[in-house]
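Chemist: Residue numbers (full-length UniProt numbering), protein chains in the order written: chain L, 1 to 315; chain D, 1 to 457.
Mixed in with the good hints there might be a few duds.
[Said to hold, decoys possible] With a straight-line cut-off of 16 Å between C-alpha atoms, the simulated EDC-like cross-links for lysine to aspartate or glutamate are:
1) L:Lys149 - D:Asp269
2) D:Lys86 - L:Asp284
3) D:Lys447 - L:Asp87
These aren't lab readings, by the way, just hints derived from the structure by calculation.
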Amino acid sequence: MTTAPLLKKPPSRSPATAAQGRRAARLRRSVREHLTAYGFLCAAVVIFALFSWWPIVRNVLLAFQDVNFATGSTWTGLTNFEKLFADPLLATAWRNTAVFTAYALVLGFFVPFLTAVLLNEFRHARAYFRVLVYLPVMLPPVVVALMWKWFYDPGPGLLNEVLRTLHLPTSAWLDSSSTSLVSLVIVSTWANMGTATLIYLAALQTIPGELYEAAELDGANLWQRLRHVTVPQTRFVLLVLLLLQIVATMQVFTEPYVMTGGGPDDSTVTVMFLVYRYAFVYNDFGTASALSLLLLLVLAAFSALYLRVTRTKEG
Amino acid sequence: MSSTGKRGRTLACLTVASLTALTACGTSSGDGAEDAPGGTVRLTVNGQPPTTQAFERALFDKHVRQFEKANPGIDIVPHEGFMDPKTFNAKLAGGKLEDVFYVYFTDARGLIAKRQAADLTDHLKDMPHRADVQDELMKVFQDGKGRQYGLPTANYSMGLLYNRTLFKKAGLDPDKPPRTWADVRAAAKRIAALGDNTAGYADFSKNNQGGWHFTAELYSRGGRIATEQDGHWKAAFNTAAGRATLQDLHAMRWKDNSMGSRQLLQAEDAQRMMGSGKLGMYLAAADNITVIAKQFGGRYQDYGLAPVPDGRSTLIGGEGYMINPKASPKKIAAGIKWLQWKYLDPDLVERNIRDNVAAKLPVGLPMPPTPDIWKGAVRDRVEAAKHKYANIPVGNYQPFMDAAPRITGVLEPPEAQRVYAVLDNAMQAVLTDKDADIDALLATAQKKADQIYSALR
């Protein structure tokens, strides 16, 4: 059987290849046009990679190593985690951190919100009160801790003096394992409420005035305005701040380190305090990294929730 | 490939290129690691006082110049500061650790175990005056085989630091400080009776300093934190001496009310109280007196230092220098030469004393420039020089110095910081809980310490 010679088609680009070519040209044009932008982006990526992402990756690696910076680290699998889980203080640290976070949410979430609502109600001296509320944020954390140590002094401390003047029973504050943790929460709340209050205040000020006017015309009192206008209008900001606050308070370190050293009776040992102790007191960076990794995973769960919430809102 | 993919690839390439460039920029270009031209050894050393301490700084720099003149082959590059455990590992990992670096006695054992210091044994054979340094102090820097990894340059041992002015006010004789724990308790009660928030005695109980002080107090009664049996360590503080230590503190805090109301203290708190004249006594080393005078407004003539109460043995610590494990033999030899010239030459002690006197720095305390690290005839010689040039009331500290050779110095126990963290709890409990169960506290602490020691096997 003979075969007819195949007709040779003139070389031509298939529609797919042509489309690819157009896309490539578009990309080249786009890169040329946005070269400066890529330059700036690149710098940001490099800085993030070096100072944010690489330390996280390194921490994960260290968690599985016996760390020795002189002779080189060796891989030890899950040994650091085994050591960590054998430490009876681990459960105490997590429990204290959870209790601290819970207290911090009760105090640190509602107090700034209520302060913001009150500030929003002040028409005349709002700027003055705003500065007053924000002042503690400007104090360095260690100064705050040392100042409150004096407030809490069970003898001649300010708080007990006030209680004595009012003929109320005094407290051991930091010196008792039943009151030490909540005493630290009060300090933390006092020191950080300025920032939260300002964010709430900014959110409150985005609420259209007409809503309040309408509510007032309907005879709504302060509580009803709060319940039916303020809270629904600021729900998103409240939720985001709640999540951010959980992430921040779970990393509490300065207050227990400066004020109580984890005591009395380990009642203020937090996870971050334990990380510090493993790394810089026991010189055991592997176990410190393992514990940091556990904390990172827990915080990542809250961060994922935060991203989901913000994405839902943006969507 | 999609345009997104290509964009991603471009970005990735850019990032990698930038990272490589940045990493290349960040690579150390030597920083004293290389030897200087002409065969000179360039040696980085730390221990240089900060510029805020003008006299000390000028003195150190003068010593560097003098040493370099005497040793033209060595170029000293001084770095400010001492060892900070928080940054030590980062410096080591980043290649920024000095060739000759400062360490506390407590850190030496761990650094040797982790091979983070150079073996100096063979280089020390011909070091002058090596045999005149107290053997116990040299042992701090040795491993189990007797190899030497560092040199002690100063030491401290615990004593009873007391406020002579408050003693007088309370009707106590400042020249007859308490000799036993019963004396301490009685004196504390009288000082606290002065009122105005004056504490008779203070003790630490946080950030592992509680455990550290418990150890010092236990040693003073003849007790020990841990003992070694067949190569294994076991907790040894759940004894009559351990019980007495906690019982006395509990009684002073709750029965005598002589320890003030505020607890969870650490060193700075006691120093501040001493400086402001609100504290009668606490257990401390002589270096505390300088801190109280310099930072907390105290006056040298107000304080006295006595041997630890009961005086059966005393906790010793101190400082020394080790050499970077990555240093070349040439650098190790140069480093030892510097350490011997600067810190371990009794012939230079008088010169250092005169420099200190001229700079109005304190001379007379058992700490640099007359550290109590020598033995035998050299110690006598240093003591004589100290008395000759003293610019502080040496008599106030004489009871401590006189007793020092008689009281056995005991180093801190193995796994000191972990065990101290455990003992912090016992100290906190007796000082913050009126109903503290001392037997139960000791039993719990013993169990935890044994857990720590069993992990060493």
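Chemist: Check each numbered hint from earlier against the structure, then list the numbers of those it violates in ascending order.
Modeler: none
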